[in-house]
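Trainee: Residues per chain are reported as follows:
Protein chains: 2
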Amino acid sequence: MSETINVAVDAMGGDNAPSEIVKGAAAALAANDNLRITLLGSKEPVGQALSGLDYPKERLELHETTEVIEMAEPPVNAIRRKKDSSLVVGMKLVHEGACDAFVTAGSTGAALVGGQILVGRIKGIERPPLAPLLPTANGPVLLIDCGANVDARSSQLVQFAQMGSIYMEKIVGIQNPRVALFNIGAEEEKGNALVKETFPLLKALDNINFTGNIEARDIPAGAADVVVCDAFTGNAILKMYEGVAKVLLSEMKAAIYSGTRAKLGGLLLKPALKDTLKKFDVKSYGGAPLLGLTGLVVKTHGSAKAIEVQHSIEQCIAWKQADINSVFISRMHLVDRTKTAAD
Amino acid sequence: MSETINVAVDAMGGDNAPSEIVKGAAAALAANDNLRITLLGSKEPVGQALSGLDYPKERLELHETTEVIEMAEPPVNAIRRKKDSSLVVGMKLVHEGACDAFVTAGSTGAALVGGQILVGRIKGIERPPLAPLLPTANGPVLLIDCGANVDARSSQLVQFAQMGSIYMEKIVGIQNPRVALFNIGAEEEKGNALVKETFPLLKALDNINFTGNIEARDIPAGAADVVVCDAFTGNAILKMYEGVAKVLLSEMKAAIYSGTRAKLGGLLLKPALKDTLKKFDVKSYGGAPLLGLTGLVVKTHGSAKAIEVQHSIEQCIAWKQADINSVFISRMHLVDRTKTAAD
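So the sequence lines, in the order shown, correspond to chains F and C.
Whatever position you read off the first sequence (first residue = 1), add 442 for our numbering.
Whatever position you read off the second sequence (first residue = 1), add 442 for our numbering.
Excised from the complex, chain F in its bound form (with noise of 0.2 Å):
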């Protein structure tokens, strides 16, 4: 029997706190053998969501939380006020090592900031990369980072290269995951400072399948399995694809029920739009993971429902499974700086 695997799950953020994120627990816990949750939240609307569902009881434990991070919250304020809060106490358990992993759909910013300072850094891994998955008509691309690193250094984006690669081999499967940096033209001497310092260095790196520059127009159409770039253009490339999928989806419904006879055509097509329209949906990726922390941090999306909020659990299955922290620290040749000075 493989080992077990201790996953802490927010149970009071996101837009369908507690009833959906219990639900996913609730089916995560019935379809893999080896999990146990600890379920954080206030007693009450908790024990509620659970009455009623069919789970194996004997692995979940609702640990009694009694204050709630808010999503438009500063987040550095609110951990630090807020230290009974479903987030602070989730994180602070992967910290002590009682819980292997933590999920929210909760605010992302807590997320981020509370990974940091609660959960920890691997040692030798200077900033922790927020790395959702994103759906291309070529399979999913991971773009690492999207986080908090909004003024990133070359030494950081190396790191999430290689971060992401190995997510993507251990994860998702992909043999020999094309990195790709992602930048405003495809030429080695293009870009902004910080892309110009980083191309060299990841060319360089003998651990990834290296290929170049990525612009933005081909990260749809899949042509690499990890984009890197510093989170305030990861932010932008994100919101961007949300926005014009959103944008044009609802553009083309307004069409659709223009009249009579665009409505049947419309629904004549149905069957065949929901078939591609799957493959763009974000939602059966799970969540994103904060990478690079002692224990995984996975944030799901705020709207998440039960299915969204299981897969997230399910990553971190396979993410322990995969030990993908002993596989950072030997491939990555991480150095503990703070050791190093001391010897």
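Treat the hints loosely; a few may be bogus.
No distinction is drawn between identical chains; accordingly, a pair holds when it is met within one copy or between any pair of copies.
[To be verified] Within a straight-line C-alpha distance of at most 20 Å, the following computed PhoX-like cross-link-like pairs (lysine-lysine) qualify: (1) 716 <-> 705; (2) 747 <-> 534; (3) 681 <-> 632; (4) 485 <-> 524; (5) 499 <-> 485.
Calculated from the structure, these hints are not laboratory results.
Since the model is a prediction, treat every value here as computed from it, not as a measurement.
On the provided structure of chain F, position chain C as indicated by the hints.
Mentor: Relative to the frame of chain F, chain C by itself:
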């Protein structure tokens, strides 16, 4: 009668040169009495493209050039070496005042470098931004900058904001245009070092309608008339727009051709969809202006057809009639630093 405008047109640039460029020029001449055009290019192919076209011949001059800057050439080298290229000669005509503006479908890099080096900036303008109009669900938005300023300074973004606002008011006819700063969150304290420094400067301007930060996902919805950013980010936004739209539409097309039922549906839906997609067709906007130069440079798409070339030329007429450069100088309180130092 209104003032005559002289537009230099690069007949050799772009995928469809010279025929579509020449056709566009002829159409612009026929439609605008006050327009004169200087076509730059190789005598024989351009002459051939002109023959048979109906246009006011007395207002078109063919200025022979013997070289062409190719798309893949490094811009700085190309401009230095190819002194008799259509792009270099055309820009020099603007610099000398023989022409008011220059339109090219050729290399963007060469247009940016040439604009700076050959045409020259308005005194007090730090850097010329390239500012394409993008379609949104709610009319066009000016994305400023998508050009060469990949490591921009806040003082440059402040100028971009003002130039963009004036352009949208005077050329596109939007009263009190909403100027937003591109950022990864709506709150003032969000962002990288550049946008954090820029936000209070934009807030303090009394000559624009600054509406705060805008996130990428709100751009396609049309939440601003002008979006201010550095060129690295602008490029990411612009090309994600193109990339996502292209992939979604091609997947949708594939769905329509996936079976008889879907095909019939697609056929019925076609007229309504066509109207929708027209709204998102960038071609109707002409080209991207490179602003802040002593003349106007318009970079139109490499794949531009005659109608787009015509619109780009007509953009120059509108720019001249609105006397945009004088408005820049008077409204932006430009300081000529070279002069100030000498005083």
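Trainee: If a hint holds in the structure, say so; if it does not, say that too.
Mentor: So, going through the hints one by one against the coordinates:
1. 716 <-> 705: both (16 Å within a copy, 14 Å between copies)
2. 747 <-> 534: neither (25 Å within a copy, 61 Å between copies)
3. 681 <-> 632: between (24 Å within a copy, 15 Å between copies)
4. 485 <-> 524: within (17 Å within a copy, 76 Å between copies)
5. 499 <-> 485: Intra 16 Å, inter 85 Å, cutoff 20 Å: intra-copy only.
Hint 2 from the earlier list is the only one contradicted by this structure; the remaining hints agree with it.
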